[in-house]
Amino acid sequence: MPPVIDKEKCNGCGICDLHCPLDVIYFDEKANLPVIKYPDECWHCGSCRLDCPTGAINIRFGPEMLFL
Amino acid sequence: MSQRIENFGELIETDVLIVGGGLAGNNAAIGAAEKGVKVLIVDKGSIERCGAIAGGVDHFMAYLNTDAWDTREAYLEWVGKIARGAVNLSVQNAVFCRELNSAIERMERIGCTLKQPDGTYYRTSSLGQPGPYFINFNGKNLKPLLAREARRLNVRALEKFSFSGLLTEDGKVIGGVGFNIRSGKFYIIKAKATILATGNTNRIFENPSGLPFNTWQCPANTGAAQTMAFEVGAKLANMEFVRITVVPRGFSAAGLNALTGMGGKIINAVGEEFMFRYHPSGSKAPRYKLVEGVMREIYEGRGPVYVDCRHLSESELNHLKKTLGYDKDTLPDFIEQKGIDLGKDLLEIMASEGMQGGPSEVCSSGIMIDEKTASTIPGLFAAGDCADQMRCVHICTTGGYLSGKMAAEYAIALNVEAKINLSQIKQLKDKTFSPLRASGDVSQRKFEDTMRKMLWQNAGPCRNERSLNVALEKLEELERYFKEIKAQNYHELMRVLETYQILQVAKMMCTASLARKETRFGVYHYRTDYPETKEDFEGQIILWKTDQGIKTEFKRLDYNRIPEP
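Order-wise, the sequence lines are chains A and B. Going by the numbering used here, the first sequence opens with residue 1, and the numbers climb by one from there. Going by the numbering used here, the second sequence opens with residue 1, and the numbers climb by one from there.
If you're looking for bench data, these hints aren't it; they were derived computationally from the structure. Since we're looking at a predicted model, the values are computed, not measured. Backbone N, C-alpha and C fix where the C-beta goes; we use that ideal spot for every residue, glycine too. Some hints could be false.
Unchecked claim - Covered stretches of chain B, going by a simulated chain A footprint (3 or more residues, C-beta under 8 Å):
1. 47–61
2. 218–226
3. 331–341
4. 414–420
As the list claims (entries may be wrong) - If the Cβ cut is set under 10 Å, some of the chain A residues that face chain B in the computed set are:
5. Glu8
6. Leu33
7. Val35
8. Lys37
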């Protein structure tokens, strides 16, 4: 449950898709929004959040990691 | 035959091809481009954010000539001590010491200074160092800054690109092939020199969190370079080692050397700073000792194990909180979402998943390189964690750059035009795309999970001759099922090819481990049937491919002499 996109803040630039090193985020042209297509393959590196120009990405850790 | 290369895919010609756009790959690109040659980098991600330090890094090891421990000689002496039996001092001298000053200058120049805002170096000591060799710095944007410099020098990048095989001609490497992981478009790259820089091998052992991508190093690094170099006949070294580290429980994040370097104490369930029972440096012991200590305390019932930072001053805590986020961008979020305040609470830690990598911070495992970063195959160079003598931020920076320069010089000196063999392209293309055509119903994830569990059981931190042979037999059996794994799209195809690479690295690891009939670096090579460290094994196990399978050979290394500057 890694990156969470705030649809209100997202400007549709697609940089999160471009910079995700694990090919987890896919930019959906029709919806003009990024989609977390392979959440199980997220490395939690934070690249998407670091490079998001509008601060639209939050990182949320799931219980499987927080309470192991 | 009237078929042309263009019928198979797009042909690109370059002087230097770099596979992997991480820290070493980007530095290599800059080193090569500064020589005025044409450079192409390919990566599964983008060169701005990919590889082990995608989201940042906070430490760079260096000697700065301020004191007796802070010299080239003292550093190399320490290197020869902590990595004895895996490290080659002459190569270290070439890939690190000779390049250190220009690397520090380059980082300054591209806008990623190693200094604090007040102009001083903030240095910490951990992992068995004789003095504070780690320079703490804000490397959150190191990757994008390097990428910007590479692009400024007209380096071309093919991103979201899975590199799938090397092209050869008369025993020389002349480029390679790969595809775009979104469109599936196939490319043939003709290169005068090729540098492999794809990191170590992750996802190879069972992950204690149950989440295979929750790894300390980048989970996209799966031994591509090691596999491809092996296939074209290159020699590899240090492949027997398992690498494990200590991480916050639940999140396999970097940050250990910041925690212990800043003075965090590792304690057990009764509050004892138990590491002093394992090593005189206590919580600042070498990494393999920390791992052994943490594993034993938990296994023997004295866990949970924690890092205790409650005694640190407010300014130390503030620095620590900042630097943890430099090393792993999301670690402060994890700590916060767990409801932990490092000034008041303990942070529970555990041993991480195992990976195949070098046994220390100064040398890795993979393609055996010489002082010019060349492999044993003409035209093929290696940089970063996939080269046997590079590792960590400092050597990937210095050695990466050197490999770029050396590959460029090789390319410039080359006076024969390589000829691409069409049947070789056809063969590589068929092999690359074969999982898309597979008819079986074996799931890639389940296949990898089984392999990981089996390897942790038989070839993890406890191994012996029987268990290693069992692992090798099971890997052979598993490989027969590999062709039944079906990929539904190009993203899955990339993952299936990674599974194949992990399997190949596992075979090399087990074979090399059988040849090292001793224990070295504690849990990093613990042979239960040979529990002693032997002077006879102060050197590397070298391996390469033959028609009869993997051949190994022992090469003794000299630790009695510090090489000349």
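The hints, checked one at a time:
no., hint, in the structure
1, 47–61, "holds (count 7)"
2, 218–226, "holds (count 3)"
3, 331–341, "holds (count 4)"
4, 414–420, "violated (count 0)"
5, Glu8, "violated, 21 Å"
6, Leu33, "violated, 17 Å"
7, Val35, "violated, 13 Å"
8, Lys37, "holds, 8 Å"
In this structure, the hints that do not hold are numbers 4, 5, 6, 7, in rising order.
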